[in-house]
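**Q** Letter by letter, the chains look like this.
2 protein chains.
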Amino acid sequence: MPGERLLLVDDEDNLRSMLEAALRHLGFDVHPVANGRDALAAVATVQPDLIVLDVMLPDLDGFEVCRRLRTEGKRVPVLFLTARDATDDKVRGLTLGGDDYLVKPFSLEELVARVNAVLRRAGLSQPGAVLRCLDLEMDDEAHRVTRGGKEVSLSPTEYNLLHYLLMNQGKVVSKAQILDHVWQYDFGGDGGVVETYIGYLRRKMDAAEPRLIHTIRGVGYTLRAER
Amino acid sequence: MPGERLLLVDDEDNLRSMLEAALRHLGFDVHPVANGRDALAAVATVQPDLIVLDVMLPDLDGFEVCRRLRTEGKRVPVLFLTARDATDDKVRGLTLGGDDYLVKPFSLEELVARVNAVLRRAGLSQPGAVLRCLDLEMDDEAHRVTRGGKEVSLSPTEYNLLHYLLMNQGKVVSKAQILDHVWQYDFGGDGGVVETYIGYLRRKMDAAEPRLIHTIRGVGYTLRAER
DNA sequence: ACGCGCCCTGAGCAGCCTCTGAGTCGCCAG
DNA sequence: CTGGCGACTCAGAGGCTGCTCAGGGCGCGT
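Chain order of the listed sequences is A and B. Just remember that the working numbering sits 4 ahead of the position in the first sequence, which is counted from 1. Just remember that the working numbering sits 4 ahead of the position in the second sequence, which is counted from 1.
Read the hints as simulated data drawn from the structure, not as lab findings. Accuracy of the hints is not assured; some may be wrong.
Because identical chains cannot be distinguished in the list, a pair is counted as satisfied if it fits within a single copy or across any two copies.
Pairs of lysine-lysine, DSS-like flavour, derived with a Cα cap of 27 angstroms [claimed, not checked]:
1. K154 / K108
2. K208 / K154
3. K108 / K179
4. K78 / K175
5. K154 / K175
6. K78 / K154
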C-alpha cells in the first residue's frame, strides 16, 4: 500500500503545497507541478499511478491534459479538481473509467477517500476493509455505521468526523487537526464546531459503555477501546 | 467471464477513450483504434471476440469493414454504433447474424447490455443470471421485473436505473455516477432527473415494506435489503 | 391528425444539516 | 478559595437537499 506515485497538478501555490504535505504525510510519493505543460512532461518521467488534476490551469485545462494523455495511450487514472459552478456540464462522464472528480472547496478526508477509491478501482490498492473499533463498525463502501450491530444514522459531517477518528484510533488528534482534515480547507470558523459535533457523535453512537470517544483536556480527542 | 478481447473502433477521440476506460473497467481487454484500416489490421493481431464498430468512419465505413471481414471468412460478431438517421435500411437484418447495433447517443448501461448479449449469443459469455434483491427480481433476458411475485411495468429509463442499482446493490452510488451510467453520454441536465426517477421507481416497486431503495443524504442512493 | 406514454424541467415545500452564541460546569493554578 | 479557561450542552437561524407534483415537449402508434 505505501509508495504509490502521485502527480499533483494545481496552480494555486498555497493549496498545492498543502495537499502535497498532506498526501506525502500519508505515505504517497508526491510530485507537484503547477501547470498543464509541466504535467504532461512529468507523466513520462514520473510514471505516476494516479494524477490529481485541477481543471482550471493557466495554460491547458485539465480535460485537455487528460485528452492528450489518452490519445498517447496512457491510461493513468485521474482525479479531477473542479470549481463549484463549472461542475455540471463539463464533468459528465468522469466517473466512468475509474476516474473521478471532486468539487472545490473539499476537505482532506474527502480527497484521501477519493484517491484511495480510484487506486482501489485501478487494482493498485487493497479493497477498503471495514473500519472497526470494538463493536463499532464503519463500512465505507456501503456508507454504513453500526454500533453493537445496530445501525447508526449519521449526517455527512458526523460521518466524516467519525471516519477521521477511526483512521486515527489510539492516537490523540487536536481540534485544529480535525478542522484541517474534516472541514473544507477554506473554513473560517473556530474549533467550537468540533466540540458540537463530538457531542452529536457521542449522543448517537457513544451513549453506552464502554465509551470510545475520550476527551484529552487541553490537547484534543481520541478514539480508543479501553478507558 | 473476464478477459474477452474487444476491438473498439471509433474516430471521435473523446468518445473512444471514454468507452475504452469504461469497458476496460468492466474487465474487458479493450483494443482501441480510430479508423477502418487500422481496424482490419488489428483484427488479425488481436483476434477479438467482439468488435464494437462505429459506422461513420473517415476512411472505410463500418459496413465495408464488416463485409471485408466476412469475405475473408472471419465470423467475429460485430456491434455497430450508428447515428440517429442512418438507422433505417442498412441496419436491418443485422441482428440475424448474431450482430447487433446501437443508436448514438446511447448510455453505458445499454452498451454493456448489448455487448454481453452479443457475446452470450456467440456462446462466449454466461447466460445472464437473474438479478435479485430480496423479493425483487429482474430477469434481464426476458426484460421482466417482479416484486413479491407480482410483475412491475417499467419505462425504459426506469428499467435501466433499476438495473444499475441492482448491479451495485449494497454500495452507494452518487447521482453523478447514475447520470454517467444510465443516461445518454451527451445528456446535459443536472441531477434533478435522477430524483424524479428514483421517485417513479419507489412508487412502482418500493411502496411496501421493507424498503429497498435508501437515500443517503448528501451522498447518493443505495439498494439493499435491511433497513 | 390525434392521443398516449415517456422524458425532463421547474416550483414549492418540508425536513435536515450546519454553525453560532450564550450559559453552565468542572478542572486546574495561583 | 477563587478566578480563569476549556469543554459541554442547548436552542435557534439560515441554508441546503431531496421529494413531490404539475405541466410541456417529443415521438410513436392508431
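**Q** All the hints need checking, so say for each whether the structure fits it.
**A** Against the structure, the hints come out as follows:
no.	hint	in the structure
1	K154 / K108	neither (34 angstroms within a copy, 46 angstroms between copies)
2	K208 / K154	within (11 angstroms within a copy, 29 angstroms between copies)
3	K108 / K179	both (22 angstroms within a copy, 18 angstroms between copies)
4	K78 / K175	neither (40 angstroms within a copy, 29 angstroms between copies)
5	K154 / K175	both (26 angstroms within a copy, 19 angstroms between copies)
6	K78 / K154	neither (45 angstroms within a copy, 49 angstroms between copies)
When the structure is compared with the earlier hints, violations turn up for hints 1, 4, 6 and for no others.
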